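K.L.:
Sequence:
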Amino acid sequence: MINEKQNGGGRILQILILFCLYGMCFTPLYAKQDTASPQQTGKTYTIKGIVLDFNNEPIIGASVYIPGTNTGVATDLDGNFTLKVPANTKTIEFSYIGYEKKIIEFNPKNLNVFRVVTMKEDSGIALEDVTVVAFAKQKKESVLGSVSTIKPAELKTTSSNLTTGFAGKLAGVVAYQRSGEPGEDNAEFFIRGVTTFGTGKADPLILIDNVELTSSDLSRLNPDDIASFSVLKDATATALYGARGANGVILVTTKEGTEGKMKLSFRAESSFSAPSKEVELADPLTFMKLHNEAARTRNPGNALPYLESAIAAREKGLNPYVYPMVDWKDMLFKDYTVNYRGNMSISGGGRVARYYVALSYSRDNGILKQVPNNIFDNNIKLNKYTVRSNVNINLTKTTELAVRISGTFDSYQGPLSGGSAIYSQAIKASPVEFPAMYAPDETNINTKHVLFGNSGSSANYLNPYAEMARGYKEYEKTVVLAQLELKQDFGFITDGLNGRLLANVTRNSYYDLTRSYTPFYYSLDSYDKYTDTYILSALNSDKGTDYLSYNPGSKSVDSSLYLEASLSYDRTFYKKHNISGMMVYTVRESKSGNAQTLQLSLPSRNMGIAGRFTYGYSDRYYAEFNFGYNGSERFDKNHRWGFFPSGGLGWMVSNEKFWKDKPITKVISSLKLKGSYGLVGNDNISDERFFYLSEVSMDGDNGMGFGTNFNAKNSNGKISIKRYANPKIGWEISHKLNVGFEMKLFKDLEIQAEYFKERRTNILQTRADIPTLMGFQVSPQANIGEAKGHGVDISLDYSHFFNKNLWATIRGNFTYASSKFSKYEEPDYSATPWRSKIGTKLSQEFGLIAERLFVDEEDVANSPKQQFGEYMAGDIKYKDINHDGIIDEQDRVPIGYPTTPEIIYGFGFSIGYKDFDFNCFFQGSSRSSFFISPADISPFIQPNDPNNELGGKQATNALLQIVADDHWSEANQNMYAFWPRLSDTAISNNNQKSTWWLRDGTFLRMKSAEIGYTLPKRISSKAKLENFRIYVSGTNLFNISKFKTWDTEMGGNGLGYPVQRVFNIGVQLSL
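In terms of the UniProt record's numbering, the sequence shown opens at residue 1 and continues consecutively.
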């Protein structure tokens, strides 16, 4: 086999170095003049330090100034400050709304007192945070929309995938993870559940630095690079995004440089990853014995698959190549793997230019074992490189230019069919049919290639070990963004007027390839038990290869352009009347270089105008109006434009005179009421485009042929209609209502609670009531569906500083989101109303109600006739819903909860004592159901293979331990056993979707725990370190659930690559 070395991405490293040089190029020009260590410079001194709250978290935007002068600065995103101080200064004052003012005496001989400044919270003042909202920032108390924010530090996980940490941490976000395979482990997440049943987009709009990206792009984002993370949920918060805001918005901004000396931050982690819970398989001997039982329990005259002598030989441990007992999972998978992550950033700058440059790298490995004979690594290896450069330049005193460039580079190598497919194959192969590979017999003693085991005469049986060993797949994925943003302060025209221009180009590229060989398969031809020798028979000697062949895969290049222009105004008159407004114009265009059809090859465009107008009176009463006016090329010119207005009202009750200085403030120190209503649109209602045009294929398979001399043999095809034009198809519209309150109790407990209601109209649906006599070749589509949803989301945060050495925080989130069909075109179910979807919940399944297992043949004879194939005692008995004496499709009803959880919650705490800190977090999910697939776990039968994971090969489902332990038999006539009567053929009656296979998706998981130690400043400063912290952490530590067969969070995907339990050690430092 050809030796092939894997080149480790040298070109990528070169690119990363270029990005670093680009970001740092401004440092020599501007940074030197404003950065100095604590030393005298003429008659001034430069002091620098960090401002922290009682949790040792940095305070952003705290004022640091010299009393009696105009000299001062604000702390940056990391809480750092640098200030030049004249020698005759007496004191330095630190202030921030919500905290007690702190004054420190200035002594040139003792500048170390400024290195770390800790401020105490002033419980009598409401904390004035700044919240990132659509296209702008607003004071927290003036925000009327439903916005959830989270500190970036709380998003850090032991995984390189940011989305795996969402569940339970963000009020209003419903999230769950179905797989732990590197590269395929993105969590699915929705804002306030799912309220659409169309085939288009249901997940939220994701904006990173104002640019629309995908959930995969978000998953690669490093938490250390995030400045703010906001979730916009209601119409007031999302209306400005018009065409894309119906499903909510996730808004992320990345860090920028701040004035001061260059700061270097570094983080490195190593983790041990293992499955949180795996499917348990029965041992090979049990497999054989129960296979024999399955063969005869339905027909006593059937031949036994395995002779007693074959079972006895395995019990005695005779020759394992003749009497194999293969634990495929043990052969293919390791107990754990080791992963690595690292991140480094530099930031700083002067008055003219500031920079933030970051590099990150992660290596995620799979749990597949290395095949000893392979000279390539067949395990999963996913290398991720990320580079980010944000540079801000003050062109004039009123003009700022921001240049942002970022790139993510994924380099993957793994098994040909993927990790989940390999895991599934290990559960779909017989453990006793043949060994994974044979030791050479006398004939093959000098054979150099591996003698993989197989059976029959055509080597057409699944050998999972050979499938894993026979090659690998590579892919490279690159996403590069280049952005220019120009901000102009028009204060010289009128105070409070600002303009902004933004242009962004995004380029995505991808390619994959495979390198593989064809294994040489052998089967046992004969065996001499006296000499314990065997003779092998080659099954594919003419097809096997011992060298790697190359196969090019797919390639794609996509690019998008985004332009934005905005004008904003914010001004307060007479100290009471605050008026603000904004107008935004946006244009988006995207192109694909890999389009397969004419319509997909055309650029995709939309454009729009959006506006926000707010009024606040005396910090008590607030009103806001927003609108989005958007156009989409998907729709006909008469329905192309959509107008989506929203409005909100708010009342800061605690700022009223009747509230202040009253006893109630000791209990409720802050209280705000708010409400909003509005419309938001969605033009991404399907993968199709140009609904107002018909789509006709000139090479249809079953269309109409034309011509006087038509000859089917020589014809190039027939005309086939794929879609009928419908110029009336237009926007999907979301009508959103939101009411809520924000309050602070007992000085330390903050509560935010909201009730929401939504009605989704104009959902695109395929028509179901078109008579066949109309002769349509395909069913037309129309905006005829409707759904409605409602729910609540609640967040609680408690923080308390007990003394200078002890602090604690407690946090919790709860989200309930339920939705159902309100209008759905379907056949006439007036005679069987239980079959109608109207009134049922979205993603709720229909199925039969299983009563129990049949007791005996008399029970079978006296029960309604079931129309799903043969059945007998020990098989599933279903309920006759319409009492017609027949169990058929008419008896299917809505069963269980939706597959998307209706309740997601999380809670946790952090505690710090001196230099030690500890935190843990619990994640929970409830009111969801999933189904075990009986066809996938039915032992002894040829498995279903809808995704072609078996490659057309014959296989035999393994025996799950739970089936071996709890199945109906003549000796165990348990009517409620986990598994019905065994069989070595598929029993259609038992494979019906029913309550028998319905499982409760409720679980509570200890999602994370971490303990850390920060080196005292007196020690770290000697090493010229600003901060040094070491920590150990864990993720998915344990799970509490009624369901024990696999990790409950995986739902019905339990036979795939398992979710991982991770133990992590890391170090963090800055200088």
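Source of the hints: derived by calculation from the structure; they are not laboratory data.
Careful, some of the hints might be misleading.
[Unchecked claim] Simulated DEER-style distance windows between Cβ atoms:
1) R1018 x E93: 48 to 54 Å
2) S516 x K993: 54 to 60 Å
3) L561 x A1023: 34 to 40 Å
[What the hints assert, rightly or not] Subject to a maximum C-alpha distance of 27 Å in a straight line, what follows is the list of computed DSS-like cross-link-like pairs (lysine-lysine):
4) K255 x K48
5) K722 x K140
6) K660 x K140
7) K334 x K381
8) K48 x K90
Note that the structure is predicted; figures quoted are calculated from it, not measured.
Ideal Cβ placement from N, Cα and C applies to all residues, glycine included.
K.L.:
Each hint should be assessed against the structure and marked as holding or not.
P.N.:
Right, here's what the structure says about each hint:
{"no.": "1", "hint": "R1018 x E93: 48 to 54 Å", "in the structure": "violated (26 Å)"}
{"no.": "2", "hint": "S516 x K993: 54 to 60 Å", "in the structure": "violated (37 Å)"}
{"no.": "3", "hint": "L561 x A1023: 34 to 40 Å", "in the structure": "violated (48 Å)"}
{"no.": "4", "hint": "K255 x K48", "in the structure": "holds (20 Å)"}
{"no.": "5", "hint": "K722 x K140", "in the structure": "violated (51 Å)"}
{"no.": "6", "hint": "K660 x K140", "in the structure": "holds (19 Å)"}
{"no.": "7", "hint": "K334 x K381", "in the structure": "holds (14 Å)"}
{"no.": "8", "hint": "K48 x K90", "in the structure": "holds (17 Å)"}
Checked against the numbered hints above, the structure violates hints 1, 2, 3, 5; every other hint is satisfied.
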